[in-house]
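These are the residues of each chain, in order.
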Amino acid sequence: MTDILAARTQMAMSLAFHIAFAVVGMGMPLLMVISEGLYLKTKDELYLTLTKRWAKGTAIMFAVGAVSGTVLSFELGLLWPKFMEHAGPVIGMPFSLEGFAFFLEAIFLGIYLYGWDRVSPKWHWFSGIMVFISGTMSGVFVVAANAWMNTPTGFKYVNGKFTQIDPWAAMFNPAAFSQCLHMTLAAFVTIGFSVAAIHAYMLLRQPANLFHRHALKLSLWVGGVTLVLQLISGDISAKHVGKYQPAKLAAMEGQWHTEKGAPLRIGGIVDEKNEVTKWAIELPYVLSFLAFNDFKAEVRGLKSFPKRDRPPVAIVHYAFQIMVGAGMWMLLVAMIGGWLAWRRKKLPLDRWYLWMLVSAGPMGLIAIEAGWTVTEVGRQPWIIYHIMRTADAVTPMPGLIVPLLGFTLLYIFLAIVVITLLRNQVFQSPDILVPAEESVDTDSADQTTEKDA
Amino acid sequence: MSIELFLGFVMVVSLAVYSLTAGADFGGGVWDLLASGPRAQAQRDLIKRVIAPIWEANHVWLIVVVVVMFVAFPKAYATISTFLHIPLTLMLVGIVLRGSAFVFRSYDDTSDEAQRRWSRIFSIASAVTPVMLGMTLAAVASGSIPTNALKTPGKLDFFSVYMAPWLGLFPLAVGGFILTIFAYVAAVYLTLETDDDALREDFRKKAIRSGIGVGVFAWLCLGLAFRDAPLLANGLRKQWWSIPFQLIIATISIGALIALFQRKYKMARVLAVFQVGGIVMGWGLAQVPYVVVPALTLKQAAAPASVLWPVAITLVLGSCLLLPSFWYLYSIFQHKQSH
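First to last, the sequence lines map onto chains Y and L.
Add 15 to a position in the first sequence, counting from 1, and you land on the number used in our numbering.
Add 21 to a position in the second sequence, counting from 1, and you land on the number used in our numbering.
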């Protein structure tokens, strides 16, 4: 393995690992704030229990997220010193603001997790809101910095040097809005659906558990609403990529020829050697419309870019298919659930539907990982689009395979431990059963289990 | 004061605060490792209770140092992270294992075996991380980084470029110095975190021992600096302020030990804070005007002024929100003495 490939793999692995925890830091506070708010309003102890249970899981995830995020802030320099030497000052503003946001998040999370009997209930709730705001903002700032790598602005590039740097223009680069919106919503969708999946799974085991019913309802609401918004955000992102990053769009779609009225390709096999995408389902004119709002618009193909400026096509195309596919599966599950709930005026708890919810659980994270693969690999061979190549930014230190292996083993170990601990947490959940008089008119879920038994 | 100097000052102050807050958390890990006697478990429980709500916030001071460095002094960040890749990576592994093991211990089952396993990882990582931090700082200050090596590739072998700068007697001594400092502040703080007299007495003894250790390491590092880090040693000796400054720190250090002997714990804590804060600040002052000795001065490593000013203003404005919040966190979890 070459050093550059080792460096890229280590960076990708570190980001992929960290993002799972970062998403929890963005999404879980929202669920906890809503649930604790419901407790303050209704005084129903169940919501308090729910908030505290969620807080326990969040504590584990947040700690691992904090330390793996620290690794990233060093790895930027350890692996890409030449990139940071030049780009560090330009994207310093979002990174500085991220520092503050993360700091506030850590402070108020400390109060939130350990201050239950040390501050008043209102202040406790307020701390939760601070965690939610600062956690989300810290994600937004980091993504804004990443967006700059896709659409670098706020400087003049003369003779290999960045001059006349305007940190604010760099932060508000063209890709910042669409990327930040898409990622923030993705975090809420992911948390909504994966939390819903956990509680759906527990309801399959204990159908009458009121605790899990409340949790399911709340998380599904958050996941469902943000998923609808995510559709709009996806459209904004597509149009942005079409306008600013044509090579990435072409790779996402496996579009080799420049074409007016280009089709949307679903699936298919990318043959990079012969420069064709085979066996895809092609929806004529749809790509031109989605990317440019015009069925006849011209979409640039990969062949119009010199070979050395093309991103790896197959990975980007497949990752994009996975992202969209995962999103569509969640959408289907949400629509069925929404329809059933609307028809029956209550949460559908049929076993088959609970299984569907379980199946949608991992989809959010899968979509996020695939989506980041699209945006990061799709930017290659550039680390700063059209300014600096990734190969020119890598550290001169040889033997990068060693830290790659070390961090891979470390992260596999941590992942196993985290999953084990979270599983234990879930299975220790409280038995708050549906009151006897209510259970008479409960739905098929209970009856099915009785039959099963 | 120039804007570069101001931002350098922000970095050193953040490092000092990191030593006084997160440093004590690492020190707590060290005392977890060394816990012994009839109250070993009680010592561990106290450490755990005290650092649980605050360690993540404390940890962010290091992120502040790193971010200010790569935004304001990008050349220094690139140089340090290139040549000191290995100790920094080891430090990161320590940071990851320390934080993860700490939280895993809290949420894993309460069986002795599980608790002991996480305790061991937590405490060993707590001891290794400060040593790596110290070795990195020592390499940066000593002038041993061969910054010209990359201009003529192949002239120097892997060992002399990537290992020798931090694998020496001076970096090792500084690593031990930082470790002892962290253990010392932890022990001093812990005397005020319990109402149990026996437990307090345990940490008082630890504080006195490690306080003496800090003094020994301080002299050792100073002595080695004359040989291995001449520019730093000059800063510690030849500036108009250097000798008076060191006399003041020495007096405060002795005062802290006397306060510990007399069981004046609050006084000891105040003095220890000034002592350790002073050591870090003094180090920073002695290194001025260099960020990386001797290759990069603050001015040479700095980003353009169009970046430095907005960043400085953001830091000042952000602190207005951050510092009260940080203070609030501490005030909530401060231990209230029952007598």
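Among these hints, one or two may not hold up.
To be verified - Across the chosen pairs, the derived CB separations fall in these ranges:
1. Y:Leu-298 with L:Lys-69: 16 to 22 angstroms
2. Y:Ala-31 with L:Ser-57: 37 to 43 angstroms
3. Y:Lys-322 with L:Gln-260: 56 to 62 angstroms
To be verified - With a straight-line Cα cutoff of 20 angstroms, these simulated PhoX-like cross-link-like pairs (lysine-lysine) come out:
4. Y:Lys-71 with L:Lys-320
5. L:Lys-320 with Y:Lys-97
6. Y:Lys-97 with L:Lys-172
7. L:Lys-172 with Y:Lys-176
8. Y:Lys-176 with L:Lys-320
Don't read these hints as lab results, they were simulated from the structure.
The C-beta atom is built at its ideal place from N, Cα and C for all residues, glycine as well.
The hints, checked one at a time:
no.	hint	result
1	Y:Leu-298 with L:Lys-69: 16 to 22 angstroms	58 angstroms, violated
2	Y:Ala-31 with L:Ser-57: 37 to 43 angstroms	42 angstroms, holds
3	Y:Lys-322 with L:Gln-260: 56 to 62 angstroms	59 angstroms, holds
4	Y:Lys-71 with L:Lys-320	47 angstroms, violated
5	L:Lys-320 with Y:Lys-97	19 angstroms, holds
6	Y:Lys-97 with L:Lys-172	14 angstroms, holds
7	L:Lys-172 with Y:Lys-176	19 angstroms, holds
8	Y:Lys-176 with L:Lys-320	17 angstroms, holds
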